[in-house]
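S.K.: First to last, the protein sequences are chains A and B. For the first sequence, my numbering gives the first residue as 226, with consecutive numbering after it. For the second sequence, my numbering gives the first residue as 226, with consecutive numbering after it.
Note that these hints are calculated values from the structure, not bench results. A few of these clues could be false.
One copy or two, either will do: identical chains are not told apart, so a pair holds if it fits within one copy or between any two.
Calculated pairs, DSBU-like style, for lysine-lysine (alpha carbon to alpha carbon, straight line, at most 35 Å) [unchecked claim]:
(1) LYS349 - LYS287
(2) LYS240 - LYS303
(3) LYS287 - LYS371
(4) LYS335 - LYS279
(5) LYS272 - LYS345
(6) LYS298 - LYS335
(7) LYS349 - LYS272
(8) LYS279 - LYS345
(9) LYS303 - LYS335
(10) LYS345 - LYS287
(11) LYS371 - LYS335
(12) LYS298 - LYS240
There are 2 protein chains.
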Amino acid sequence: MALIHYPVLNRQGEKICSAITNLDIHDIARVSATYGIEAFFVVTPLKEQQELAKRVIAHWLKGAGARFNPDRKEAFLKVKLEDTLSDVIKKISSDCVHPLVLATSARRWKGCISWEDIEKIVQKNENECILLVFGTASGLHEECLKETDGIICPIEGGTGYNHLSVRSAVAITLDRISRFRRQ
Amino acid sequence: MALIHYPVLNRQGEKICSAITNLDIHDIARVSATYGIEAFFVVTPLKEQQELAKRVIAHWLKGAGARFNPDRKEAFLKVKLEDTLSDVIKKISSDCVHPLVLATSARRWKGCISWEDIEKIVQKNENECILLVFGTASGLHEECLKETDGIICPIEGGTGYNHLSVRSAVAITLDRISRFRRQ
């Protein structure tokens, strides 16, 4: 999976680069380890932000964090840094066949893939790579969506309220897809 | 649902009172609004911590936060403060019949209720109150577990890695239970 910090939208719908959030990395790395995700790509083109993320990762992989909390180390082994979504896709394509790239969104895009269809797709592609793409801030910019093979319909809880944190959205999405895989 | 800050365990298994985490309230309030949870109880006996939480809640309900982000206001309407789990159960019992109180744990307790059985229980109790209890820090103290009607088996992702943040655990649990209710 990939967590995109650029290009994403702000609340006004403008293209921005969001800042890396320490807690996103922790929570999502732990979810990734729980569900056996191959890699969790943190995507930002800003070198200063990458340096910051590298320091956090090193703390938990080799620093005091690794001694204090070995479970967190296991989770942080999943975390990789890349400049762009294209780079992530290229990276994965060198390991397996071109992955099926699925974007997530809190917005109901025309032609979005229903969760019922995602279930079928996941079961049909059991041994193939799937790359799940999540946006920070107010979601993925269209430039990013264009690079994907489809957009999954929003997570709905039956209320119409549609403002989950990206941390919660990742947890729910991976739990659902993991269930589809095991069925 | 209730998020317990006392009595919970630290990493050494000792009884502690954990500090309220601002982001827990935000993430869990948003998940609660998504799935139409009646109330999200933040439980701590520490008055200073309750005052802090009240200031945060007021900011999003009436302060600058309410104007800046009305969606967050809707989520914060779910947040209530109580001193103890007993108080939460008493409160709910005054509104409906005594709720079915289910604890969650990352530990596989003897006699824990499997997710398959939770599905059956939720479907059988469609119109009854269920109170889901989550622990902060390293999980609920036995004193708390004793007040519940049962403990749900841990969330598993097929890897044996079992260290989700409470934010992720809440998101996944509510998504699963909401699915059971709708089936």
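S.K.: Taking the hints in turn, state whether each one holds.
M.R.: Hint by hint, here is what the structure shows:
1. Taking the shortest Cα distances, LYS349 and LYS287 never come within 35 Å of each other, neither inside one copy (39 Å) nor across copies (49 Å).
2. Proximity of LYS240 to LYS303 under the C-alpha cut-off of 35 Å is found in both arrangements, the shortest distances being 28 Å within a copy and 32 Å between copies.
3. For the identical chains of this complex, LYS287 and LYS371 are neighbours neither inside a copy (38 Å) nor across copies (40 Å), given an alpha-carbon limit of 35 Å.
4. Neither within a single protomer nor between protomers do LYS335 and LYS279 lie at most 35 Å apart by alpha-carbon distance, with minima of 38 Å and 41 Å respectively.
5. For the homomeric pair LYS272 and LYS345, neither the shortest alpha-carbon distance inside one copy (39 Å) nor that between copies (51 Å) is at most 35 Å.
6. When the C-alpha separation of LYS298 and LYS335 is checked against a cutoff of 35 Å, the pair qualifies only between copies, where the shortest distance is 28 Å, while the shortest distance within a copy is 40 Å.
7. Taking the shortest Cα distances, LYS349 and LYS272 never come within 35 Å of each other, neither inside one copy (39 Å) nor across copies (54 Å).
8. In this assembly of identical chains, LYS279 and LYS345 lie within 35 Å of each other by CA distance neither inside one copy nor across copies; the values are 37 Å within and 46 Å between.
9. With identical chains, the CA atoms of LYS303 and LYS335 are at most 35 Å apart both within one copy (33 Å) and between copies (31 Å).
10. Proximity of LYS345 and LYS287 under a CA criterion of 35 Å is satisfied in neither setting, with 41 Å inside one chain copy and 45 Å between copies.
11. Taking the shortest Cα distances, LYS371 and LYS335 sit within 35 Å of each other inside one copy (13 Å), while across copies they are farther apart (49 Å).
12. In this assembly of identical chains, LYS298 and LYS240 lie within 35 Å of each other by CA distance both inside one copy and across copies; the values are 34 Å within and 25 Å between.
In the structure shown, a violation is registered for the earlier hints numbered 1, 3, 4, 5, 7, 8 and 10, in ascending order.
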